[in-house]
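K.L.:
Below, each chain spelled out in residue letters.
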Amino acid sequence: MYNNSLRSRGYLFGRNGIIITCLIVFAIATIFPIYFMVISSFGDPVEAGAMSYSIFPSKISFESYKFFFNFSPHSWDWLLNSFIVAACITVSNVIFATLAGYAFSKMKFKGRNVLFAILLGSMMIPGQVTQVPLYILIVNIFELQNTYTALIMPSIVTVYNIFLVKQFMSSIPGEIIEAAKIEGCSQPKIFWHIIMPLSKTVMAVLAILTFMAAWNDFFWPFLVTNTMEMQTIQVGLKNFRFANTTYFAPMMAGATISAVPMFILFFSLQRYFLEGVTVGAVKG
Amino acid sequence: MSQQLARRKRLKLESDSGWGYAFIAIALIAFSLFTAYPVINAFIISLQEYRPLGSTFIGLENFTNSFTDDLFWKALKNTLVYTILSVPVNILLSFVIAILIIPFKKRTQTIFKAIYYLPAVASGVALAVVWLWIFDPLKSGIANQVVGFFGISNQNWLGSSATAMFSLVLMSWLSSHGTAIIIYLAALLGIDNSYYEAAEIDGATFLQKLWYIVVPFLKPTTLFLLVTGIIGSFQVFQNAYLMTGGGPDHATTMVGLLIFNNAFTYFEFGQAAAQSLILATIIACISFLQFKFLGNDVEY
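Sequences listed follow chains R and F, in order. Numbers given in our numbering equal positions in the first sequence, counted from 1, plus 855. Numbers given in our numbering equal positions in the second sequence, counted from 1, plus 3.
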């Protein structure tokens, strides 16, 4: 789109300079809150009135982290709970969404299209509609409040993930599966030996997006947990904030703790993250 | 005989009934239990005065109550204002950024993509906590220092009903564009170079190329972002809940938050269910209208 051929080098240099300046200014505005959070977390745990915000760290101390973890005897449990819940949800989604996505995309059975249309249609329903009845179901009927089951079960396999896998599977040629069937291969074998190796990318994308969503989820864990020892890090952070409204640096330390695992994941598996964003959006 | 055998073989090939149902079994059970059943139940609860031990049927009272409740209308208006201020600006920003990123090498593109996507990776609670301090009403607060630099006096960002909504919108401008930028970039890379070359031969300027080639090509992408953006924005709950609690004076009470409060602060489950169904209807209508008026040449 940009015309690079007919212009002088000086013109190109100037143009790219202006563009990159715009991009950098906007990039700074975007990551400033995160930078501010990390930098401020190294401050001393004093009340906010006694300190002033600074954009550059004057010293690095881990006192605020200690303060955050001393807030509740269960602070470490929050991280562990988040990890257990997110890991379980991720594993179950990878298994069941891949199975269902494959079935909806490549297997022939009665009612397949109708069932998939119903699933797809349900994605349009806002979360608010299901939130009250789901809460009643889990808490009042199953009486699962404050259990891992309550935290994990409702997200065991999401329609969005099934849709993601189905989109991906449509690029696998049906002839491979037909050929395997003629050779006498049963469906579980086809799935294990042919489909799984071909779908590693989509499974990785799905695992990462699911783990991130589960780790960052605040609303559901907030509803179904009522003791500190069962809460996840996001709920714990919210508790900390409402209990210590003036302790600035420890609050930033807590926020950093809740966010950093995802940053590490993001920077080590960036490719899958960025791929995952477009998989669901590009029409297929 | 051989014909019959061939038919049986074809039938066997065509139908995977047994395994098909087995493969989707767990997904179907989870869907029925955690989506289908709650949706049906939402309709039932919305017609009831809900009590854990024996609800009473009250017909459409929850709906009529909502429609005569000033707070519900105010929440709807707030949601609409938030959506109108945040979604189009976010899409425009993402579009401009994607256009600006395109001329650079792949590595540079990836760096910028990663930076812009970073807030989407951070947890919503962490971001809310940070922005709460950025909007500190004291003179030393970051937002006040920034506007002070331009000679604007101190603002009580989240604490005054004049600026609270704008503060939430500002936060959305600066933290929820990562996904849209990446989606736009993917779509931009899908436009074949020959279109630009043809236009250049005809002497088209940059802006002409942008308007006559890029904008029409990206229309499906824009529509996708608009529809998903509006759907998401209508359900917005978390930032308002964590940062303002709906205040001051209900200036930032949005429908999502109102439903949450009705359900889990006042335990008016029937009222909350009725309002959630109204919200679902509004979202469905808006999505339908968007597809009808903007999407007539877009195929999905």
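Since the hints were derived computationally from the structure, they do not count as laboratory data. Treat the hints with care, as some may be off.
[As the list claims (entries may be wrong)] DSSO-like mimics (lysine-lysine), calculated; alpha carbons at most 27 Å apart, straight line:
hint, chain 1, residue 1, chain 2, residue 2
1, R, Lys963, R, Lys1055
2, F, Lys222, F, Lys109
3, F, Lys108, F, Lys222
4, F, Lys212, F, Lys109
5, F, Lys142, R, Lys914
6, R, Lys1055, F, Lys142
K.L.:
Please work out if Lys963(R) and Lys1055(R) have their alpha carbons no farther apart than 27 Å.
P.N.:
holds (23 Å)
K.L.:
Is Lys1055(R) close enough to Lys142(F), meaning Cα to Cα at most 27 Å?
P.N.:
violated (53 Å)
K.L.:
Take a quick look at whether Lys212(F) and Lys109(F) sit within 27 Å of each other, Cα to Cα.
P.N.:
holds (22 Å)
K.L.:
Would the hint linking Lys222(F) and Lys109(F) be met if the CA-CA limit is 27 Å?
P.N.:
The given pair, whose Cα atoms are some 24 Å apart, holds under the 27 Å limit.
K.L.:
Is the Cα-Cα distance between Lys108(F) and Lys222(F) 27 Å or less?
P.N.:
holds (25 Å)
K.L.:
Is Lys142(F) within 27 Å of Lys914(R), Cα to Cα?
P.N.:
holds (23 Å)
Of the hints listed earlier, the one the structure fails to meet is number 6.
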